[in-house]
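Number of protein chains: 2
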Amino acid sequence: MGNADHVYPSTNVERAPRVAIPPPQSSVKSLKYNLKETFFPDDPLRQFKNQTTSRRFVLGLKYFFPIFDWAPSYTLDFLKSDFIAGITIASLAIPQGISYAKLANLPPILGLYSSFIPPLVYAMMGSSRDLAVGTVAVASLLTASMLGNVVNANENPKLYLHLAFTATFVAGVFQASLGLLRLGFIVDFLSHATIIGFMAGAATVVIMQQLKGILGLNHFTRSTDLVSVMRSVFTQTHQWRWESAVLGFGFLFFLLTTRYFSKRKPKYFWVSAMAPLTSVILGSLLVYLTHAEKHGVQVIGNLKKGLNPLSFTDLVFVSPYLTTAIKTGIITGVIALAEGIAVGRSFAMFKNYHIDGNKEMIAFGTMNIVGSCTSCYLTTGPFSRSAVNYNAGCKTAVSNIVMALTVMVTLLLLTPLFHYTPLVVLSSIIISAMLGLLDYEAAIHLWTVDKFDFIVCISAYAGVVFASVEIGLVIAVAISVLRLLLFVARPKTFILGNIPNSMIYRNVEQYLNTSSVPGVLILEIDAPIYFANSGYLRERIARWVDDEEEKLKSSGETSLQYVILNMGAVGNIDTSGISMLEEVKKVMDRRGLKLVMANPGAEVMKKLNKSKFIEKIGQEWIHLTVGEAVEACDFMLHTCSPGPLKEDSEAYNKV
Amino acid sequence: MGNADHVYPSTNVERAPRVAIPPPQSSVKSLKYNLKETFFPDDPLRQFKNQTTSRRFVLGLKYFFPIFDWAPSYTLDFLKSDFIAGITIASLAIPQGISYAKLANLPPILGLYSSFIPPLVYAMMGSSRDLAVGTVAVASLLTASMLGNVVNANENPKLYLHLAFTATFVAGVFQASLGLLRLGFIVDFLSHATIIGFMAGAATVVIMQQLKGILGLNHFTRSTDLVSVMRSVFTQTHQWRWESAVLGFGFLFFLLTTRYFSKRKPKYFWVSAMAPLTSVILGSLLVYLTHAEKHGVQVIGNLKKGLNPLSFTDLVFVSPYLTTAIKTGIITGVIALAEGIAVGRSFAMFKNYHIDGNKEMIAFGTMNIVGSCTSCYLTTGPFSRSAVNYNAGCKTAVSNIVMALTVMVTLLLLTPLFHYTPLVVLSSIIISAMLGLLDYEAAIHLWTVDKFDFIVCISAYAGVVFASVEIGLVIAVAISVLRLLLFVARPKTFILGNIPNSMIYRNVEQYLNTSSVPGVLILEIDAPIYFANSGYLRERIARWVDDEEEKLKSSGETSLQYVILNMGAVGNIDTSGISMLEEVKKVMDRRGLKLVMANPGAEVMKKLNKSKFIEKIGQEWIHLTVGEAVEACDFMLHTCSPGPLKEDSEAYNKV
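Chains as they are written, first to last, in this note's numbering: chain E, 1 to 655; chain S, 1 to 655.
It is worth saying that the hints were derived from the structure and are not from the lab.
Glycine included, each C-beta is placed from N, C-alpha and C at the ideal position.
Heads up, some of the hints might be wrong.
Stated by the list, open to error - Partial pick of chain S residues on the chain E-facing surface, computed with a CB cut under 7 Å: (1) Tyr33; (2) Glu37; (3) Ser73; (4) Tyr74; (5) Asp77; (6) Asp356; (7) Val508; (8) Gln510; (9) Ala527; (10) Gly535; (11) Arg591; (12) Asn609.
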């Protein structure tokens, strides 16, 4: 202020466009805008604008039931493709369904039930054309381990079953609410890295659990961590059944070979898709012919004929175990959602159509609510099955309907055929599916690109494998969130230098050919200035200035006169941040330095204006670009001595 | 790629400085740098560089005991100033100490003990020259309410006392560890707004608690929330003692008048500083002469003569209440730290010297550890007392020593004089001190500058007043952290426009005179691209493009050809963010749009390079500034049709 004001060249003032303070906006309007951006970033109501009421009703119906949108234009050609895809995924769904139900410690028939009703619901409400609905291994395992902690499935199967339905119901309600309340972004907090590590960990745990089936053990630990499982396996070496092991490894080899083959020749995708069902048939025949069930090879046994019985009377809402059911429902619900939405989105991207995350959540939620009332447990869109569906050439969700009808026929007529199916074959099927989830290539990619993401991934993996599935998840999410907080708490600051023959200033560590401006230190702050970092930034800016002054002193160059803060990357500022800037300004004044700002954004300018900081620093010391700020400093350096600046500063009026 | 590559003008390539990928750095080195920035942002070891061992020892001693640094240059003039300041703060410390000890439900003598040993410790270890050590109201109240939840101070005074010592010990250990482990930044998470709201809430609660003393009530609720207190007060209207109330309001009026006077005429600061002691003397005389203690005016009663007894044998580490003591210690410790450091820093700024937060934490911690072993409870640097110290012209921490010696004399000789001091005077002293903490002007300032900070402040206030001190604190911290997460989860994106007669591009909502470039959409992202926002950004970018295309279509202008992302404010990116960019790139390709980047920073370039995204987008489509990116697009628009671009895109090879 003061003198500095008068000597500032008027020509310069006219030439340089001043930094604008954005036009004032009412609080209500800006609140409305922020709420919209937080909860409706995809603007789902856009299509309802300027429409008649009846048209809005039709659009609303189509919004919640996309089937009304695509059904009218459905063709016979589509049906042909969908039929083939549906039959293919059904052949995968039947053995996988039974296997995963076993994994969840639930009656095997539930796996078939869960492949009948939920796909029909999804076909009406889902917006993905490629997703194949079914149960998934990870959620099954989680159900088993979380519910198993409070109720033993063997001792009290009925209560366990009812809790599983309740958990599914809770998961459904939770998923649908997330969608309805537009809170879908909660799923975003499961980062890519978390999911890779978590999935691989869960796959490892699931594979280890299969050692029970493969080795034909009767007793097995209920814990899922590596140490407990290994102890359980190696303390019972005398119980290992070689018949079981031979059968298991044989089928595993068969499954892996077919998968390898199909991977090499994508045209023959059906070879690996049919392999599980073939294994089941071959295994059953083998047992039936050799009576191996009497020699230690466990079989599925009787499966009840008939469609899903209703189960909404089985939901328990008054029970000492209710909190466990709710916890299980929420955790499995979130994980199922994360997988289902990621899968839907990937295939939508391949085929270039759009998936609305919140809408999908409502579809998944409804599917599980309906499922829990019709003897199904948690379903979602598993990656493996959806990939087969996609490869089989599915066109619409009709492939899910075809699958459901095939399963229906199986339930009505073919369940007796599974009587002799050996459990070990189911174990082989699970292992072969799980091996695909050990995505070590993705982990290597994380390591190359982003070490922190790799740490998140490994933590999730180690947490799941050595502690428990929930702990792994919590650790990974906590580390991920910590990273966000650290980004804000410890923002990057760096010195800018001039790029030769330009007015452009950039990070000197990134651009090695930059040159510094004598007497001027240019700093960039790379994050919003909030309470969490204002203390740090005050220290850090002071240190940059100290370092620069020391460097200049030792080299005998012009002493430091100006500190320019490039605010271009400062997205926002709060009152703590403004106090920090005020302190920095005072300290600079006292040291005889002038604080200059370049390119503050709209939010920042608004707040600096309201808090009168602009008046304190002086409007003329806020520039549109770093280049202009440097020019103004340069002009001052060559037209007047730093003296007046010093004497003019507030500090000398105060002390 | 492909065609686009060939038609790109070679002259242009040479002219524009390419965006540099920063030179590769070993992981260890960058980890080391990040750790240093996280834990040693102030570089405390700098002074130890290039020094001999003995010199390092001396420097280390001076580091931990700053008294060795300033004592050699101490002068008689300093002593004169410090002596006056010390006597002044002692006259405040004695009545305040007794009052706050009563507030904490501890024996009043503890207030004097706590003003004797801790100031001596701080004088040696502290680096502030203005801080006056003593107990504070908020921490006292918290101790009373948290320990009071498990042990009744009246029924079991000994256990209560021992728990208070233990909590103080825990607080000291916690404070010192934060300092030693360089975790001082945890205190930063108590934002300015949180502290204002929290302090005002605590002051309100403390004032309400004084109604007990003012109204001369014998029974009072142990809860601190407004509803309980009001119920307690108004259900006992028949117990109110007018003698007590008259005395209380009389002294309160006296104290407030002197404070108002001193505030108007800062030269007479000693008037308000001496007022509490004057009140105590007047009150005691009045009671002594009128025998009011027999008419319902409660008095302090006997105070034991003599210095602090040792108390380290009283610390309890095996007790069912240990967890409560630990919790109390940690919470009061953090709050005391936040106040002490903020106070020290403010005065250091006035006088232009530096305070090292982590070092101060070690000093506070040691002070409380020593205090807990010598019959003191939690002390810190209260604002009111330090302000008096500063106004009284203190020069160094010697004023604390003078205060301690004065208190020592009092303890040895003068304690009998406090026998007749009426409790109601202490209540008046507390109320008058607390009224200063109701900083409504600061709250109004928050409302004008930053609505969100105001919400944080009000939540803290309401939480403390209507629920409890801890709940208020937790709510405020949670909301503050949520804000940080929301900043990352919902980053601002906006359109940039050209500022007339320049190559500069800025936010069109901030700068109203900008003009758009036909066929080009320029977007800026204002936050790092992390897993928490990559989903949102994908949707949001798509919506910007949709909006722009719609707008162009309805106005019949040139159709959209290029989307430029200004990455200048993107501080970092993780693998989820890179996947998002890849998806955006694919979607753009499919829509026949070209994705262009401007000014990615060092971190971002490093990761885009490692993940091969640079190859995917094409090195020639990453520009140093938005201006250059627009120029390149413009050149393309006028030399070739958009056709080849479209046919060339990946999308057509895939689908």
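* Going back to the hint list, which numbers does this structure go against? -> 1, 3, 4, 5, 6, 7, 11 and 12
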